[in-house]
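S.K.: Numbering (my numbering), first residue to last: 74 to 546.
There could be a bad hint or two in this list.
Unchecked claim - Straight-line C-alpha distance at most 20 Å; calculated PhoX-like pairs for lysine-lysine:
hint, residue 1, residue 2
1, Lys514, Lys538
2, Lys462, Lys538
3, Lys224, Lys202
4, Lys224, Lys336
5, Lys97, Lys339
6, Lys413, Lys336
7, Lys370, Lys356
8, Lys336, Lys356
9, Lys98, Lys336
10, Lys149, Lys159
11, Lys339, Lys98
12, Lys203, Lys336
13, Lys256, Lys202
14, Lys462, Lys413
15, Lys170, Lys159
16, Lys170, Lys203
17, Lys543, Lys413
18, Lys256, Lys224
19, Lys149, Lys370
20, Lys336, Lys97
21, Lys224, Lys203
Stated by the list, open to error - Simulated restraints, written as ranges between beta carbons of each label pair:
hint, residue 1, residue 2, range
22, Pro316, Asn396, 46 to 56 Å
23, Ser485, Arg461, 21 to 31 Å
24, Ala369, Asn396, 11 to 21 Å
25, Thr389, Pro491, 29 to 39 Å
26, Arg133, Leu82, 20 to 30 Å
27, Cys329, Thr389, 32 to 42 Å
28, Ala369, Ile259, 25 to 35 Å
29, Ala131, Gly273, 38 to 48 Å
None of these hints come from the bench; they were simulated from the model.
Cβ atoms here follow ideal geometry from the backbone N, Cα and C, with glycine treated the same way.
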Amino acid sequence: MGLRVFNTLSRSVEPFVPLDPAGKKVGLYCCGPTVHDFAHIGNFRTFVFADVVRRYLALRGFDVRHVMNITDVEDKIIRRVNESGKSLSEYTTEYEKAFFNDLEALGCLMPDERPHATEFIGPIIKLIKKLEENGIAYRAGDGSVYFSIEKYREAGNRYGQLLNLNLEEMRPGKRVSSDEYEKESIADFALWKARVPEDGEVFWDSPWGEGRPGWHIECSAMSMELLGPSFDLHLGGEDLVFPHHEDEIAQSEGACLQCDGRKFVKYWMHGAHLLVEGKKMSKSLGNFFTLRDLLAKGSAGREVRYLMISAHYRETFNFTLDNLAGANTALGRIDECAAKLRELALGQAAEPTTDSPLITRFTEVMDDDLNVSAAWAAVFDWVRDTNRKLDSDELTAGIAATELANWEHINSVLGIEPIEEEAPPEILALAEERQAARKAKDFAQSDQIRDQLAAQGWVVEDTPKGPRVKRGT
RNA sequence: GGCGGGGUAGCCAAGUGGUAAGGCAGGGCUCUGCAAAAGCUCUAUCGCCGGUUCGAUUCCGGCCCUCGCCUCCA
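My request is simple: use the sequences and hints to build the entire structure.
M.R.: What follows is the structure, encoded as structure tokens:
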């Protein structure tokens with residue numbers, strides 16, 4: 074059995090078979106952040122999810138090309154740019170930098186491509202022109218260009234592939250009724266927005282005059298430009314299913330760059346949102362967190378990551394500060410176990426044994442639509458089992474090296490950076506001094522030294538083989 | 001109003017037609033000069049009510065609660 078994933082297109086779990094005839098290359102696109110502010114932990118759940126997908130595909134032997142776009146032009150950004158008096162790029166660069174810092178702190182691998190919307194104005198225009206040629210895009214009185222869902226349907230396409238849509242029954246929301254765009258139908262969406270005074274200096278020339286791209290078209294243009302008109306995986310948060318992803322399909326398939334029977338995207342995967350303390354994050358509830366908020370409270374990025382991938386990606390996850398505090402303990406057990414194996418292995422190198430229970434079980438549950446919860450259960454069962462063997466001296470250096478390699482193999486997916494720090498000489502000297510005091514049964518002295526070490530952030534453990542010093546409180 | 005997820009121990013969270021993984025927190029024990037670490041061990045009848053079944057937490061129906069989407073949104 075190979076990897077199986079839930080595809081939003083079919084609303085079912087399907088075997089994952091890449092488009093590449095050789096079954097090797099996989100194109101993966103994940104809608105990235107809009108850099109108008111610091112991203113919050115809810116945003117990051119999606120990006121960590123994408124990172125796990127990418128890493129697991131790699132472990133499964135696929136050659137993944139991971140693309141994550143940066144939306145660096147849209148309404149909110151333009152408003153803030155005008156308020157701040159900065160230029161567009163001055164403004165967005167700051168948040169983009171913060172975003173990638175946070176992404177790294179969360180143990181995410183850098184996406185292979187990180188395209189900016191503003192760098193793809195050419196391909197965006199080209200795509201809109203194609204839609205115009207196909208009679209699916211039209212110009213409105215205000216100079217903007219819209220996508221006509223009616224024309225798209227008349228051309229034999231289906232609008233509403235990712236969800237059941239009943240446009241006639243749609244309840245017009247506040248935003249729609251107050252909408253002053255001159256579009257023909259309420260469901261139509263902007264491909265190109267004509268320049269208005271509020272846009273300030275943010276605009277580009279186009280065949281339709283000065284303006285800027287609509288939001289949905291950016292992703293269609295960037296993904297197809299970098300991954301081709303038909304690619305394997307498109308990820309994003311569940312809220313993007315409609316309209317963003319549905320519109321991406323419409324634009325891309327409406328442009329007919331893959332009208333040879335292929336689809337724009339073969340598998341759509343959506344990550345569920347997270348709640349904080351059982352509630353939707355909101356500033357007034359005091360449960361709105363960015364990653365830097367949590368780091369400032371003393372959490373480590375890997376603890377946040379662990380929590381984010383402790384639950385299945387399709388389930389709403391309840392993020393609590395209590396559980397975040399416990400993540401440190403849980404990860405510490407893994408560190409501890411790995412550190413003991415490392416000591417025992419004495420630097421001996423080993424290859425992972427793919428038939429080990431740990432790897433077999435891990436792969437089996439991850440193949441089943443990425444059941445990370447079950448994967449963690451496999452990890453912790455392995456930790457307990459390994460500790461037991463360690464305690465009873467059952468492991469040889471060679472086996473320890475292999476077990477360590479096995480863990481590192483699956484950790485290439487979990488992405489939990491080990492915390493390891495060599496104790497500096499003065500700390501080791503103190504530990505030796507304490508050991509001497511213990512030998513002399515001067516426990517008052519040895520305990521005093523232990524407190525001294527603790528004050529400097531080091532914990533000393535007395536094992537049958539002598540004292541061990543490690544980081545801790 | 002339409003559509004779609006959920007409700008499993010103090011918290012988080014897997015899973016299954018044959019009485020329930022894992023993590024955190026908590027209790028007991030072993031080890032230890034004391035600790036720490038580690039190990040062992042204890043703590044749930046799976047929202048409510050019916051139905052199907054030899055047997056349901058798992059299937060069906062109803063109800064209650066909760067979350068999301070319905071053109072800002074990860």
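S.K.: Give a verdict on every hint.
M.R.: Comparing the hints with the structure gives:
A threshold of 20 Å between alpha carbons decides the hint, and for Lys514 with Lys538 the separation of about 18 Å falls inside it, so the pair holds. Note on Lys462 and Lys538: the hinted pairing holds, with a Cα-Cα distance of about 16 Å set against a maximum of 20 Å. Between Lys224 and Lys202 the alpha-carbon distance is near 15 Å, which keeps this suggested pair within the 20 Å criterion. For the given pair, Lys224 sits about 19 Å from Lys336 by alpha-carbon distance, which is consistent with the 20 Å threshold.
A hinted pair counts as satisfied when its Cα atoms are at most 20 Å apart, and Lys97 with Lys339 qualifies at roughly 15 Å. Taking the CA atoms of Lys413 and Lys336, the gap is near 50 Å; set against the 20 Å cutoff, the hint is violated. Note on Lys370 and Lys356: the hinted pairing holds, with a Cα-Cα distance of about 17 Å set against a maximum of 20 Å. Under the criterion of a C-alpha separation no larger than 20 Å, the hint pairing Lys336 with Lys356 is inconsistent with the structure, at around 41 Å.
For the hint linking Lys98 to Lys336, the alpha-carbon distance of about 17 Å falls within 20 Å, and the restraint holds. The suggested pairing of Lys149 with Lys159 holds, with an alpha-carbon distance near 14 Å, which does not exceed 20 Å. Distance check on the hinted pair: Lys339 and Lys98 sit about 14 Å apart at the alpha-carbon level, within 20 Å; holds. At roughly 17 Å between alpha-carbon atoms, Lys203 and Lys336 fall within 20 Å of each other, so this suggested pair holds.
Only pairs whose Cα atoms come within 20 Å are accepted, and Lys256 paired with Lys202 is accepted, the gap being roughly 18 Å. Simply put, Lys462 and Lys413 have alpha-carbon atoms about 11 Å apart, close enough for the 20 Å limit, and the pair holds. Proximity of Lys170 to Lys159 is assessed by CA-CA distance (about 16 Å); at most 20 Å being required, the pair is judged to hold. This hinted pair does not check out: Lys170 and Lys203 have alpha carbons roughly 34 Å apart, beyond 20 Å.
Only pairs whose Cα atoms come within 20 Å are accepted, and Lys543 paired with Lys413 is accepted, the gap being roughly 11 Å. Proposed proximity of Lys256 and Lys224 is supported: the alpha carbons are some 13 Å apart, at most 20 Å. Restraint check: the Cα-Cα separation between Lys149 and Lys370 comes to about 29 Å, which exceeds 20 Å; the hinted pair is violated. For a cut-off of 20 Å, the pair hint linking Lys336 to Lys97 stands: about 19 Å separates their Cα positions.
Among the hinted pairs, Lys224 with Lys203 is consistent with the structure: their alpha-carbon atoms are about 14 Å apart, no more than 20 Å. Checked against the given bound of 46 to 56 Å, the beta carbons of Pro316 and Asn396, roughly 34 Å apart, lie outside it. With their beta carbons about 25 Å apart, Ser485 and Arg461 fall inside the hinted range of 21 to 31 Å. In this structure the hint that Ala369 and Asn396 lie 11 to 21 Å apart at CB holds, the actual value being about 18 Å.
Between Thr389 and Pro491 the C-beta distance comes to about 30 Å, which sits within the given range of 29 to 39 Å. Arg133 and Leu82 have their C-beta atoms about 21 Å apart, which keeps the hinted 20 to 30 Å range intact. The hinted range of 32 to 42 Å is satisfied by Cys329 and Thr389, whose Cβ atoms lie roughly 37 Å apart. Take Ala369 and Ile259: their Cβ atoms lie about 44 Å apart, and the range 25 to 35 Å is violated.
With their beta carbons about 43 Å apart, Ala131 and Gly273 fall inside the hinted range of 38 to 48 Å.
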